[in-house]
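Chains as they are written, first to last, in my numbering: chain A, 1 to 358; chain B, 1 to 336.
Since the hints were made in silico from the structure, they are not lab data.
Example chain B residues on the side facing chain A (calculated, C-beta under 8 Å, incomplete): (1) Q34; (2) P43; (3) G56; (4) N65; (5) I137; (6) A150; (7) L157; (8) V161; (9) W169; (10) L176; (11) F213; (12) K240; (13) Q269; (14) A309; (15) T323.
Please read all numbers here as calculations on a predicted model, not as lab measurements.
Cβ coordinates follow ideal geometry from the N, Cα and C atoms, glycine included.
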Amino acid sequence: MADATAQSRPGVLAMLTARRGRGKLHWTDVFSYIYLGLGVLLMFGPVIWLALSSFKTPAGLVEFPPTLLPLGQISVPVEGYDDPLLLFSVTTETGETRELAQIRRIGIVRQMVDPAAPDERIDVPIDAAEPIREFDMAWENYTDPLQRFDFTRYLWNSVVVTVVATAITLLINSMAAYGLAIYDFRGRNGIMLLVIGTLMIPITVILVPVYLVVTQMGLVNSLWAVILPGAATPTGVFLLRQYMLTIPRDLIEAARMDKASEWAIYWKVVMPLAMPALAVLAIFSVMWRWNDFLWPLIVLNRSEVYTLQVGLNAFQGELNVQWHYILAMTVVTLIPVVVVFAFLQRFITTGIAASGMK
Amino acid sequence: MTDTTGFGARATRVVTAPLRWIFEALDKPFQALQRLGGIGSMPWWFLLPNLLFFGGFVILPLFINFGYSLTGGTRLFLEDRTYTGTEQYAFLFDCGNYADPTSCREDRFWRGIYNTATFIFFQVSFLVLFSLVTALILNRKIRARGFFRAVFFFPVLLSPVVVALIWKWILLRDGLLNAALVGMGFDRILFFVSPEWAMFWAIFVSIWAHMGFYTLILLAGLQAIPPDLYEAAEMDGTSKERVFWRITLPLLWPNMLVVIVLALIKGVQVFDEVYVLTGGGPGTATQFIVQYIYNTGFTNQVQNFGLAAAASVVLGVVLFVLTLVQLAATRRRDGG
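Extracted from the complex, chain A is given alone in its bound form (with noise of 0.2 Å):
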């Protein structure tokens, strides 16, 4: 009975009442339903929220109550006079409301003009006038800073900071994972010990003496101060090794066979087959690199070689707070991010199911 009726719901509501197997509707399938909807809301919404606003004006962002779309006021051209004049809805005192441009204000006063009939000024009190607004992108607000601030520079050293230390990951943990998975050596189990130990480690605990090596290295205020200390990830050791030690021996001892140098046979018969595992820890480090805080806070001081990152907080701690810029930034620095979602989306759950890393 339950079902001819389920099956006898139209449309939407056939869709909402779905549910697995037999029997009647559960609590738990209309509390799903109401739970994903708002899960949808509460995180796409702040999201699409700043999207939103980083296109208003800093008149339209200190607005209160804010309006949902970015507006402008429209303006139009009127005959004998050279600039565009604000458009504004006029309530008259007979009640009826008439579209006027408004020529200057003068007090309380605005001297204003019907567009169609230019000659004829019309003086009306302020609080009788609302501005007419209309959908409007202010792009400025993205266009500005890339010629105002630095914030090409922090641009340019989050790329070069990713690209660079992504490359270096790749290469060293590669051979590490290679020379742990295909050789038996003795000591090959204490050095294992030692990549879990360093798991152990993070960098919140050695902040003081890394900042010392670094120093002792001279390069404080350099970007090789944020690459190089987190080139060898141990996590990045782990999944490539569990992935090389699925390769078939028989393809290395065949190589060998054919006077293969370890080093082709590293880099042209294991390294193609783990391409899946390194596109894996690719994406991983991309995303560790690009969005980095904590230490180029430390390492970083001058503001040329600020990242991204530390750029936007820099601003973002400013007495005058410039937000329309900082929203405008904030959606550059997340863009690349979504855009490596949206295509590696796969690639990335698996791994992290895989790894349970992040």
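Given chain A, put chain B in place with the hints provided.
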């Protein structure tokens, strides 16, 4: 992970293209090493770069850290510092009453500990609860499951600075949330002026940002539960509530344990999002241990490296214990 022809693999080839000439450049040196030391020496040559990095940036610093914590003064280089024994630790732990931070000589440290403890208690509990509920719902036969999974997961990839700015913009005095409150007839709330609200939002935002990661681990655990168990229960006419308590939860428990410990490990190190969101304020209401270390060692006018190092050793001990628990939990889950 098995797709080698899709976009991901192509993107990877682009990313790894610069590596190609490095491989070719290293070909000759490694052949020479192989001729010199024989095949038995090769694993060491492959391991060498990584071990140098581990040694230089992890192992060595770990020992230097102890060294720092036993010295005083404001100089960075160890040879310029004076040996003070356990003075730094004694200073950190000099408390009239450990339950009351104001009775401690270094009250900022203890305030950091209490704030962190409060944060962890609520953050980990609700993080695990919401991750579990989300994973359970995503594990059902719902429409557009991939979409919903992505919705909950994507904040994991956002940078802490971006996460904090997104929420700061909503929570400001004239922000969206206050507009909604005023619209519903309530008064505005200055969220970053009230210590309780600042802590609430610190916890909320960090749950928002990290929930997807834990949801994913729990979802993988749920999907590993054999479906015939559920089929058998359904044939017996077992109620859904009973199925949850008797089948789902016990079989998911090893994963839950891993998630809880991982969340604890991350929670103890909370810094980034909250630092950008509240700056540790109002006052010291949302200052955590890592921020104490950062402030003491790097931002205060007098850079007290010794005290910062001593505090990091304390943090390190806590993390070490938690990591041992994590390894035990992971072994139990994977049946190792």
